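Student: Sequence:
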Amino acid sequence: MPSVNFTVKWPDGKLIQYYSPSTVIYEYLSIGQRYPSTQFLHQVENGLNAASERVQARYGFVCSSAMDTLAMIKRQAKFFGPSPEDQIEVIEMTNQ
89 MPSVNFTVKW
99 PDGKLIQYYS
109 PSTVIYEYLS
119 IGQRYPSTQF
129 LHQVENGLNA
139 ASERVQARYG
149 FVCSSAMDTL
159 AMIKRQAKFF
169 GPSPEDQIEV
179 IEMTNQ
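Under my numbering, the first residue of the sequence shown carries the number 89, and numbering increases by one thereafter.
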């Protein structure tokens with residue numbers, strides 16, 4: 089199953105690379121798109137849950153790496169509020 093590494097630019101300018109175990113994440117995030125923080129969290133949570141479900145359908149167990157990635161993103165997001173100025177941008181998405 090092809091996985092995807094995606095790089096996010098946080099409102100403070102920090103670039104962080106994250107992991108999705110499935111290309112289904114492309115249905116939830118787009119390269120170059122800037123999202124308000126609450127929308128980004130909604131999209132990435134839905135995308136990583138869908139990716140984990142695909143792993144479960146194929147291998148019989150959920151992907152703990154997808155849930156770890158989601159937890160890391162949620163921890164990082166706590167530094168930023170829900171204000172419209174706090175935009176999160178998807179810089180890059182690459183298949184592995």
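Because the hints were derived from the structure by calculation, they are not lab data. Owing to the predicted nature of the structure, the values given are computational and were not obtained by experimental measurement. Any given hint could turn out to be false.
[What the hints assert, rightly or not] In silico EDC-like pairs for lysine to aspartate or glutamate, Cα to Cα no more than 16 Å straight-line:
no., residue 1, residue 2
1, Lys102, Glu177
2, Lys162, Asp174
3, Lys97, Glu180
4, Lys97, Asp174
5, Lys166, Glu115
6, Lys166, Asp100
7, Lys102, Glu180
8, Lys162, Glu115
9, Lys102, Asp156
10, Lys162, Glu180
11, Lys166, Glu133
[Stated by the list, open to error] Per label pair, the in silico range of CB-to-CB distance:
no., residue 1, residue 2, range
12, Lys102, His130, 26 to 32 Å
13, Gly169, Ala145, 34 to 40 Å
14, Thr182, Asp156, 16 to 22 Å
15, Lys97, Ser153, 36 to 42 Å
16, Leu103, Ala145, 18 to 24 Å
From the three backbone atoms N, C-alpha and C, an ideal C-beta is built for every residue, glycine too.
Student: Give a verdict on every hint.
Tutor: Structure-based check of all given hints:
no.: 1; hint: Lys102 / Glu177; result: holds, 11 Å
no.: 2; hint: Lys162 / Asp174; result: holds, 14 Å
no.: 3; hint: Lys97 / Glu180; result: holds, 10 Å
no.: 4; hint: Lys97 / Asp174; result: holds, 11 Å
no.: 5; hint: Lys166 / Glu115; result: violated, 25 Å
no.: 6; hint: Lys166 / Asp100; result: holds, 12 Å
no.: 7; hint: Lys102 / Glu180; result: holds, 14 Å
no.: 8; hint: Lys162 / Glu115; result: violated, 20 Å
no.: 9; hint: Lys102 / Asp156; result: violated, 19 Å
no.: 10; hint: Lys162 / Glu180; result: violated, 19 Å
no.: 11; hint: Lys166 / Glu133; result: holds, 15 Å
no.: 12; hint: Lys102 / His130: 26 to 32 Å; result: violated, 21 Å
no.: 13; hint: Gly169 / Ala145: 34 to 40 Å; result: holds, 36 Å
no.: 14; hint: Thr182 / Asp156: 16 to 22 Å; result: holds, 19 Å
no.: 15; hint: Lys97 / Ser153: 36 to 42 Å; result: violated, 22 Å
no.: 16; hint: Leu103 / Ala145: 18 to 24 Å; result: violated, 32 Å
Violated hints, listed in ascending order, are 5, 8, 9, 10, 12, 15, 16; each of the other numbered hints is respected by the structure.
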